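Go ahead and model the full structure; you've got the sequences and the hints to work with.
Here's the letter readout for the chains.
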Amino acid sequence: MSGYGEEFLKRKMVEVTQEAVTVTVRLQPKYFLMLKLLSQKYSFPISTSFTELISKHLYDIMLNLADEDFDDMAKYDDDESFGSVNWKLSQEGLIEQPTLALGENAPDFLKELFKKE
Amino acid sequence: MADRHAKRKAISDPEKFGYWLSEIFYGRTAKDEEPKSKDNGLPVNIRLIQNDVNLIDRLGKRFGMSRAAILSAMIENDIEEMFFAQRSDDQIATAVEVDNLMTEGGFSHIYRKKTWLLEVLELPANYGNPGYANSLFPTPTDSSEAKGDEK
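Chains as they are written, first to last, in numbering that gives the first Met the number 0: chain V, 0 to 116; chain U, 0 to 150.
Bear in mind the hints are in silico, worked out from the structure with no lab data behind them. Be a bit skeptical, because a hint or two may be false.
Claimed, not checked - Label-pair restraints from in silico Cβ distances:
#1 V:E67 to U:G105: 17 to 25 Å
#2 U:D2 to V:T47: 32 to 40 Å
#3 U:I91 to V:Y3: 36 to 44 Å
#4 U:P13 to V:Q90: 17 to 25 Å
#5 U:A68 to V:V15: 41 to 49 Å
#6 U:V95 to V:D70: 46 to 54 Å
#7 U:Q49 to V:Y3: 34 to 42 Å
#8 V:F7 to U:S65: 45 to 53 Å
#9 U:D38 to V:T21: 32 to 40 Å
#10 V:E67 to U:P13: 36 to 44 Å
#11 U:S87 to V:E67: 42 to 50 Å
Model, not experiment: these values are computed from the prediction. Note that CB positions come from ideal geometry on N, CA and C, so glycine has one too.
What follows is the structure, encoded as structure tokens:
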């Protein structure tokens, strides 16, 4: 038993509930033009490439926050889904893993599957 | 769970950009000294997880930074890392191409028409001395942009 399959599906279950939004960011021309060129040269989409990268940066920030700030930031509102940063923190045992990680929009069969845990 | 925080500190990696950014949040390290462009920023649309946006806003509120400032710092860092991940000949090629695009677009260069190329040049021992920048790209008629404080 590696647990990889279990970890994979649990992560996917968190991901399907995560709402994505489009945010406009202004970059200095130096970086804007380099990003455009790199995305053309190495064939990657600009809009979705930073989704995962930003989550990783946020995780690294969370690790270095003062204790009280960490506890404040790791809280999430009831109507908010359990995010990928929280998921990674919970995998490290730094915050509690939610008993029900699925949001309202999750398909019913996933909710059922998760309840049986 | 006191040891929860101890574990958190133990796996925190000082080599990561997020670590450095959090040090800036607490004023424990100085902000980047790189001269900022005089031009307005150019808009890029990116897809983010709503939960991450909420977290950025909470951090911004706590540490007095805007969402835009936190995001652009992260993204510009990633672009620089992407650039340096290339082989050195590709670094030079993309540097020259983007420097030319900046010139054609009328954007101000951090260093006279060689903003990116300067990042990949090997800096000799006299780097930073008065006159060093001029010796690199001699253009006797223009010395207004000469700066020697690149890292």
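Hint-by-hint comparison with the structure:
1. Checked against the given bound of 17 to 25 Å, the beta carbons of V:E67 and U:G105, roughly 48 Å apart, lie outside it.
2. A hinted range of 32 to 40 Å for the beta carbons of U:D2 and V:T47 is consistent with their spacing of about 37 Å.
3. Distance hint check for U:I91 and V:Y3: the Cβ-Cβ separation is about 41 Å, which falls inside the suggested range of 36 to 44 Å.
4. Under the hint 17 to 25 Å, the C-beta atoms of U:P13 and V:Q90, about 21 Å apart, fit the expected range.
5. Our hint of 41 to 49 Å for U:A68 and V:V15 is violated, since their Cβ atoms are close to 31 Å apart.
6. Between U:V95 and V:D70, the C-beta spacing of about 49 Å keeps the proposed range 46 to 54 Å intact.
7. Against the hinted window of 34 to 42 Å, the Cβ-Cβ separation of U:Q49 and V:Y3 comes to about 28 Å, which falls outside the hint.
8. Between V:F7 and U:S65, the C-beta spacing of about 36 Å breaks the proposed range 45 to 53 Å.
9. The beta-carbon spacing between U:D38 and V:T21, approximately 24 Å, falls outside the hinted interval of 32 to 40 Å.
10. With their beta carbons about 21 Å apart, V:E67 and U:P13 fall outside the hinted range of 36 to 44 Å.
11. Between U:S87 and V:E67 the beta carbon distance is about 45 Å. The supplied range of 42 to 50 Å therefore holds.
Of the hints listed earlier, those the structure fails to meet are numbers 1, 5, 7, 8, 9 and 10, in rising order.
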